[in-house]
Structures are given as C-alpha cells and as structure tokens.
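Q: Chains as they are written, first to last, in this note's numbering: chain Z, 172 to 490; chain G, 8 to 147; chain F, 41 to 892.
A couple of the hints might just be wrong.
[Claimed, not checked] Which residues of chain Z face chain G? A partial, calculated answer using Cβ under 7 Å:
1. Arg243
2. Leu247
3. Thr255
4. Leu266
[Stated by the list, open to error] Okay, the calculated beta carbon distance ranges per label pair:
5. F:Phe884 x Z:Asp300: 33 to 43 Å
6. Z:Phe253 x F:Trp78: 57 to 67 Å
7. F:Asp574 x G:Ile57: 53 to 63 Å
8. Z:Ser237 x F:Ala537: 43 to 53 Å
9. Z:Gln233 x F:Val472: 29 to 39 Å
10. Z:Gly224 x F:Val523: 28 to 38 Å
11. F:Phe884 x G:Val91: 36 to 46 Å
12. F:Leu95 x Z:Thr280: 52 to 62 Å
13. G:Val69 x F:Ala796: 51 to 61 Å
14. F:Phe884 x Z:Glu205: 43 to 53 Å
[Unchecked claim] Below, in silico cross-link-like pairs of lysine to aspartate or glutamate (DMTMM-like), each with a Cα-Cα straight-line distance of 20 Å or less:
15. G:Lys61 x Z:Glu344
16. F:Lys403 x Z:Asp235
17. F:Lys403 x Z:Glu239
18. Z:Lys439 x Z:Asp458
19. F:Lys688 x F:Glu855
20. Z:Lys439 x F:Asp519
Bear in mind the hints are in silico, worked out from the structure with no lab data behind them.
A quick note: this is a predicted structure, and the numbers were derived from the prediction, not measured.
Glycine included, C-beta positions come from ideal geometry on N, C-alpha and C.
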Amino acid sequence: MRRGTLLIIPALLAGCDGRHNWLASAGAEAQRVEELFWVLLLGAAVIWGLVIGAAVYAHRRQVDPSLETQARRFILWGGAVFPTVIVGALLVWGLVILRDITADEGDLTVRVDGERWWWRVIYETPEGDVVTANEIRLPVDRTALFRLTADDVIHSFWVPALGGKMDMIPGRETTLALTPIQTGNWGGLCAEYCGGAHALMRFDAIVMEQDAFDTWLAAQAAPAQIAGDDRGFEIFQEEGCGACHTIRGTDAQGPVGPDLTHLAAREKLGAGIYDMTPETMARWITDTHEMKPDIDMPPYPDLQGDRLDRLVAFLMSLD
Amino acid sequence: MRHGSDKQPRHFTAPGDAPRVIDQGSVWILVAAPSIWAAHFLLSYWVAAIWCAKTGPMASLVEPRWIIVALGLICTALIAWLGVIAVRRYGGVFVIFEEITESSERGRDRFIGHVALLLCVLSVVAIGFTVIPGLVFATC
Amino acid sequence: MTDEIDLSRLPPPEPYDEARDTAQRKRLMEAWREPPGWKIVTAVNNSYIGKWYLLTSFGFFVFAGILALMIRAQLAVPGNDLFSQQLYNQLFTLHGTAMMFLFAVPIFEAVAIIILPEILGARDLPFPRLSAFGFWCFVIGGIFVCGSIFFGVAPDGGWFMYTPLSSDPAYSGLGTDIWLLGLSFIEVSSIAAAVELIVGVLKSRPPGMRLNLMPLYCWYVLVVAGMILFAFPPLIAGDLLLEMERAFGWAFFDPDRGGDPLLWQHLFWIFGHPEVYIIFLPSIALIATMLPTFAGRPMVGHSWIVLSAVGVAFLSFGLWVHHMFTTGLPEISLSFFSAASEAVAVPTGIQIFCFIATMLVSKVRPSVPMLFAGGALAIFVFGGLTGVMVALVPFDWQAHDSYFIVAHLHYTLIGGMLFPLFAGIHYWYPFVTQKNLNARAGKWSFWLMFGGFNVAFLPMHWTGIMGMPRRVWTYDLSDGWAVLNMVSTIGAFVFAAGFAVLALNVLWPRGKAPLVKRNLWNAGTMEWAAEVPDKPWGVRSIPYIHTRYPLWEQEGLVDQIDRGEWFLPDAEEGKRELIVTDILDARPLFVQRVGGPSFLTLGAAFCLGAVFILATFHLWAITLIFGAGFIGFTLWWLWTGTSLIPEKPEKYAGRGLTLPTYAQGNRSPGWWAVFITMTGDMTAFMGLVFSYFFYWTALPDFLPSSAHLPGFGWLMLGLALLIGAWAMTTAARETLGHGQRGLAMVLLIGALPMGALGIGAWCWSAYSKGLDPTVQSFDAMVWMLILWMGLHLLLNWVMHLYVAARVKFGHCTPEYRADLMNLTLFSHFLALTAVTIFALLALFPLLMGVGP
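All chains should be built: construct the whole structure from the sequences, respecting the hints.
A: Structural data, given as structure tokens:
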C-alpha cells in the first residue's frame, strides 16, 4: 500500500478535472456518485486499516486466557454484526441514489444509435429530428434524456464527467438521464467491447449555455450550403461517397456512415479521436485503416494532390 | 457390542441410504434455510421482472411490493420453524467457540444443529436485504 | 451387521510381526504401483494425476501470464503499435479465458485430487479413472484453445463472449467456435471433478470421521463441488444455444428474429458469478488448513467457517445480474442483486475474522506459507472492500467496464486465490516431493510479487476513475492515463519476476537434497501421516478417526497406522481397495475396489477431444466416427471396470470388521455418481427452461397463435410413449429383481422403439406446424427442447443396450444389479425432463390463453 500511495499523488493532482474523470462532477448524476465515492473511499481505508491492524495485533499479542473473550467478541461483532449494519446502510443509500438519478423524461431528448465504431446522434425537436454524428452538445442545467440503441453489437454510452453509463443493446431501447451542471468539453467513450476498433470509439460531449446551444442546434438543423460549382463536391460525388454518407440538401443520402452535413463544425474527426484539421482529414481519406483499423470505410490511397486538396477543402467547408 | 453413545435413533433407516428430509440426523436441515432464502429471492425477482415487463416501464410497484414482503414474512417464519427444529431435535446452540468434537451421534447432531442455526440467522438477514428494494422503489 | 459395530470398542490389533508387515507391504506395493516407463501415462492414482494436473494448470498460468505481460507492454505508452488492434483483442480474450478456465478452476481440482484422499486417510478418490479422464480432457482442450493464437485464430470477443458480437458470424470468426468447443472440455472435466469430490467427501471418509469431525478443507471442497453442479450447467446450456446459432443459424440472440442478446448474459453470469467463488473458496480452504498448523491449535470458530462456506455458496447464486447493472433492466430488479451482493460480504468476511481470532489466541510461527497468507489477507480484504463499492448500482454505473473493475477483480482473485495457492505450494511441496523448498527464495518471491502486484494494480483504481475503459488496445496522451499505465506495466513485470523466482524454486532439481522429516510442519491433519519417502499406497492402513486433528489428538496414531494395525493393511487379492462409509457418521459400509492404470481413459479422452475439435471445423462425418470411438472406449471402460461382481461377497477388513464387497442402489458410489451427474444435467436443462421463460417475459409476442404452436395431440402422444418407455425400464428393474432375466432384457430393449416413437411424435408435432428454428426464437426454443430430449434419449438407448448385454452375459444379475439400478435412476431424470418439456410446450400456452 505504501509504495502505491506515493505514485498516486502526482496522478491525483493532475487528474481530478480530467475530461473523462468521474470526479470532475460536471453533471448532477456524477455529483451524486462523487459524494458516495468519498465516503466509500474513506470507509474502505478505515476498515482495511482496522482489519489488517487487528491481524497484526493478533499476531504480535502475547497469548493469555483473557484473549478468548476478545476473540469471541471479535468474531461476533467485528465479523458478523458490524459488517451487516454497514452493508445494510450502504445498500439503502445506494438504492436511494439510484432512485434519484434515474428519470423517464427530460428537457431534451437525444437518440443515440451505436454503430461499429461511431455514434449516430439524433436530436428530437418539435420541428423534427436533427441528425448528426460523433459529437453531442448539451445545454447546461437541463436534463437530457438519451434514448440508446444499437444496430449491430452491444455498445455502451459513457460520459464519466457527467454521469454513469448505459449499454446500447440491439433489439432494445435503454434510457439515460444526464444533467450537466458545468460547461466544458467532456469526453465520451464506448464502454462495452464491441470488437475491432472499440478503443477508438469516442465522442465529445460539449456543454454550453442554453442560448449558445439553441443557436448551434438551429445551425445543425439547416441543410448544407454548397455552391453550385464547388469542384470539391463534384469530386465527392464522383468518388461515390454519397453511397454511405448523407449531406442534407444534396442527393448524397447514404445511411451507412456518419452524417456529414455539418462535419467541419465538429471538434473531432473519426468519432472523437483526431483533431478536425485539413491534414488529418486528408490522411483519413487516403490512409483510413492506418488511422482506425478494421472500419467499414475503405481507404482512397489514389486520391492525391490537387484532387485531394479540393475534396478536403469542400469537407472543411461543411460547417 | 452396542453402546449407548452409538445407538441408532428410532427412525433411522439402514446406514448408507439417503437420509430422509426431516428425520433426525438428516443433513438436509443444513441446506434448508439458505434454500428458502434462494426461493424467496428468485420468486421476488421473477414477480418484479414479470410485472415490470408485462405492465410497462413506469408501472407502479405497490402490488408486487406487498407480495415480496408477504413472501419474506412467510419464509422467515419457515426459517424460524427450522431454527426451532435445529434447537430441539438436534440440540443446536448458538456459540462462538464451538468445540462440538464429541465423537458420537449426539455430538454430530449438535454440530449440525448449531451450524443449521447459524445458517438460519444468516438466511433471515439475507431475506431482509431482499425485501429492502421493494420498499425503496415505487415504480419500475 | 455394520450397525452393530461400535468403532470405539474394536478388538485390539494383532501383535506386530515383522514378516507379516513386510509381506503386506509387498502386496500393497504390487497392487498400487504405477506402470514403469512410458506406460506411466496410463496411471490413474491421485498422486500422479494430481501432480500432472497441477503442473499443467501452472503451464497455462504461465501462458496466460505472458499474454498479460504483452498486454501491459502494449499499454505502457500511449499510441503504441507494439501489437496490432487485431492481435491485442485476441490477447486479452485469451488471457481471461485461459486464466479462468484453464488455470483457476483446474488448479482447485488438481489440489483436491492430491490432498483430499490423503487428508481423509483414503488411498485414492472413489473414481480414479474418472479423474484421469477429466485430466486428459483438460489437457487436450487447453492446448487446443491456447494453440489457436499461434495461428491467429484465437477467440477475440472478450472472455465472456457477449452476443451478438459472438453469435453473428459477420462479427466473429473461428476463434469463437474454438472458445465454445474448447470450453466444452473444461466443463466436462469440471463436472467429473465435482462428482469425484462430492462422493469422495461424503462417502470415503475414514471410519468414525463424523460430520462434526470433518476437516474444514473437506467442507469447502464439498460446498464448491456442489456449486459447480449448479453453476457450470447453465453455461453449457448457453454454449449449446450459441453454437446452434453460429453453426446452423438458429434464432436465439438475433433481435431481428425474436432473439435477445441479454439471454446470453444471464446464462453466462449465472455461471460466471458463482464461478469466482468456486475459484476463491478452495483457496481460502488452504489457509484454513495451514493456519491451525502454524498456530499449533485448532481453528477458532470452526463451525462459523462452515457457515461462511455454505452461506457464500448459496448467496453467490443471487449476484449474477450485478454484471448487468448497465443493461437497462428495471431498477427494482437490479436492486435485488445489489442487496444480495452486499449481503454476501457478511459470510465472506466471517471466515477472515475467524482466522484473525485464531491468531489472537495463539502464537503463529513465522514461515513462508504464513507470509503468503498474510499478503493474501491484505490484498483480498482490499478487493472485498471495492466489491462492496461496486455492488451499489450508481457506483457501478461509473465503475463498470472501466479499469476500476479490472483492479477490483485482480485484487480479489490474486489476493483470494493466487497468494493462498502459493502459500499452499510452500506448505505441501514437502508432502508431494519429500523435500523442502528454499525459504529465502520463498521470501524473495513473496516480496517481489506482493510489491509488484500492488504497484501494478493499485493505480488501476485511479486509472478507472480517470475514465479508462476496459479492453482498449491503445489510448492517447491527451487522455491523461499514460503515467498510470506505465507504472502498472512496471509493477506487472516485477510481479512476473517474483513468479519466476517461485517457479525456479519449485522446479529446481532436488535429487540430491535430503529428505524432510515426517510431518515437517507438525500439523494435525491426516495427510501428514504419509510415510517419507512416499509410498504409492498412501496410508499403510486406514485408521478409525474420532477427533478433528487426529495427528495431535490421537496418541500414537501414526505408529499404529504404520504397523498396519488399522483397516485394510493388506491387498490379499491384489486389488486397489478403499472403504466406503456413510455420510453422517462414516460408519464403514463396504470395501470398494477401484480401477488401476488403463489405456481406456486415454482413448476415451482422445476421442472426445477429437469430437470437439473436428466439430469446430464442421467436419461432421469424421466427428461422428470419433464419437463412436468415444462411446466404444467408454463402454469398454464401464464393462471392464464398473459394477464388477466380486469374487467373494465379503472380505475381512481388519480389527474384527468384515464388510461386503459390493453395493448397489443408493449405497453405491456409482449410483451417487449417476445421481450427481444427473443433477448437473437437470440444472443445464433448467438453463433451457429459464431461456424459454426469459423470452416469454422479454418479448411481448413470444407465444405465437395456436396455429403456430406445436400440435397438442402429438405432444400428448409423445409424452405418453416416453413415459411408457420409462415405465418399461423401471419394470425391468423389478423383473430382474424377481429373477426373470429374459423378461428384463425384453423390457430393456423394448424401451428403445417406445422412446423412438415418442420423440418422433414430438418432432412431428413441431414439424407439421411448420416450426423452423432459424426463423424465430419460439421455434428455436421448441426445437432445442426436443433436441435436448432426443440427445438424452440416444444416450439412454446406448445405456439400455449396454445393460441388456450385461444381463445377457451374466454381469448384471438379480443379486448384483447395480448397472440396472443406475440406469433406472437416469431414466427417472429423463422422465422428469419429458414431463417438464410437455408442460412448457403444451400446458403453458394453454395457461396463457393460447388454445390448442
């Protein structure tokens, strides 16, 4: 225990507000778990210390007959009664927190469909569904209700800083309520092994003020604004990208891959793993499987030079 | 060659045959209390799961809750009865420093009764734990 | 006759005669000696099988450990490309699979095989050939599964193989089939071990060792063997469903066809949770055995530890959904499992407190085993405490599938299972080899492993809190996990170094080292009565036991045993003999002759191995040929080795005791073996019944309209015929008992066409209504239940023909009819299965208002 503790301290100091950290408590649900966590940690440390301390004491203590009574009490109270009371109390507390953090409705409903290895995101609004992918923005201090499912295998939706996770299971719809209370860019992850590139299935959960969020959502709802003579868009169509990808407002209506209508407005590329820059975009197209092995999207190594640059410029204009 | 300490109890059948369920000397009393816990646990789980699946995700749990509590009380009563058997028929005692090492049928019975009694207590506690969720949750 | 014997007042032994002693020892040696040279592979004695089992299990441990080091090497730095994504996914899957299935469970079996007979003063386990068979199945299965990685086809779906990742052929390849079929071996050898150990503990104790005198180790083994019977079979049921979907497209886990991925999780975890207690309890049993030795006094709270073992065994079956807390099941359902998960902490802790209490009232001698035991305690308690944390649903919603869980599981497994095992190795090495390990190396290995382990796994709690999920082959520097991962990697290599020291210590050739003194640790339990150097016959004579710690409390016992003053000091007929006793008081019941070295077990294991391996590659024709070979070997083994009519009905067993040499019905170990195996079979069947009701609960329209239900009339007819067949079998037992051998044979053979018509009627009931198992889950369940019954009927027919042949050739007679009694027992279970299937397929729909 001693050796481990020393090494933890620098990590502790660095990490409490890491973007994937449970204890960042940027969501109301995560905050409830954080309260539980500190009590449990302290309690566990004390109990571990007492038990090991008792063992050390028992080992060292000189034998004498009065110890039999101590031993008897130790087994009955220490072994049976106190643990029962403690775990019973913890159970009740845990169940109450569970009851409090689950909700059936929210201020906002977002459907997320897990795919291998990206996220299909659909905001439900009175005006209709707004489709995007791989990035979720949320208004602060509002409960977002996520309706989760998956088409292929089991995935799991997790933004540790905001709250716990929920699995996305083919054939079922599960729900998760998250109430962000701090703005910021928080990390989302897939938390159920889904084969292949599971490790590279991430997303950003960006929490903003309500009006900023409304502006963003309205922009997302709008179709893409593409100039009629955009050479990059022609290349996009020539290469057949529209068979898999959708750009609303055009005849690219492919449902297989992520919606690209407002691709460049996202912070990251490839499902939360690379910064959205022209260089990464270019490499993504030509060396797809080096960037993310085993995915369905084929690489286009023959796209080079000017042709590639125009395509990338087009894609970077989709904001 | 017969001696009192080793005399067969009246109802005991020939050695080697599977002991009958509630005869003196039967080992089934050891597993009876935890089995009752298991039955209560499974029934509670199934009642709640089927109720929630068939009535919908927001169904009120008031009715199944009372089923679970009622089952819990019945099972606790059954276990209490087992505890009484353990004490009376087997001579079980509640001790910590158990040294029931007498090499005789009486010793063996007392040991079985003692362990059975401990298991009765544990099983009742575990049933109590199972009832708590029914009391905390009002809807599925 | 036996109920009149008072074991405490036996006639005194005959005066010691050296010539007689030498002659008896010579005959014992003749009977128990194992074959020389390469024929040693046919050995079945527990000392050989146990040692090989132990070494093989550790071999797989090393293999899985190397995989772990590869994992840690890959994760040491962010963005690492030491191993590819594809290979890494195989690495962690195989690491978990091999550790759990090829090391953790087999090692418990191995240790029990070595120690249990000795601690009971018995010469061997009741079914030595069955242990040997289980061992060879394990070796073949393990090599098959582990070898796959050298061909790049190791399973890669995680060690618990969630569906649909593992059920959809689009997402998983040959590796999954290798996992499924390779594991079938392990399941077979585990059920075999469960049979051995339950019968061993209940029926081959030394005369006089009543239940209240039985060592704690035996209680733990008994309880764990019982758990295996209820935990492994649901996994077998799940494996069957998964393989039928993968190989033949049956609709169990595909949601588009009424399947449900969650069913696999239920079946797997109904196995998986008790599994970890199956792994943990036998190791704690080792500490419960060693501690009194070093404390020099009996264990305090002996019966409270029995309470712990039995309590944990039962409660552990109520925890399984805690692995599914994040699957969206109703909160009330989750809460029951949270409640049981918290409750199980109480009996788990009680045994630890009993250990500490024992330390309090005694002076524990320092030694390497106690050092490892202390380390085990420190680590396991920590793991148990994080377990209490993750048993709370909201906490688990964060911790699940993160490195926090990886930390928790390694603390409990390594603290609760591995360190006690290492303590046991240092303690029992002198027992197995008659030499001692190097204490200094022992201490070095301990501190390296203890330190390395904590450096590796303690930071992982924090890594999990920082959000690192499980099963990721790489991560980015910006995630903030790099330092923690590097620290963990360093710790892992230090731990590995410590293990290397231990391995070196154990494998060091000690040919020239001096023999240890007898009962080196001055222990109180019977295994230390073994002579030094070791003899293959175990104890020289089987003693009467009337205390808990016989070597401490029964004056002069060892000398008496050595002089042959107790039971069975001789092997006059040249056979291997044990005494079978009753469950409660260990009254001697009869003398059992057990099998010696044989090629048959090897042949059977090899053929069964071939069956599973060839089935993986869908080579059905050759599979059937080897299947026939397996049946052939097994029948030959049974014919020559079981229910043999003894050359004399009774034999003198020493000290005035004359015992029968044959038993049948519920007095015979063979009957118990069938009973226990069938219990396991019923729990597997219960897995299928569970699946049926699970679908009904989860799917709103599982039960189809009456037009699509299997035909009620045909189901009725089929049931009647199947029950008729059962009646014929039972009648055969009665008629044979009355001496009518011919009629008995007719009844036995006649049961076959009866049964065939019965299952035929059932098949027709489904086929005529157009039920197609590849179309939807209801159809698949109907056909699965019919298939289950059909497979069991096939087995039943083979057994009927076998018993009929035994009757014909005079091996099964009105007086000696154990074979037929075992067969009837099997048939009772089948009848119960038939009635249950009928209730599910015919009556339940009626109950739910879907008419015929």
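Q: Which hint numbers does the structure go against, in order from smallest to largest?
A: none
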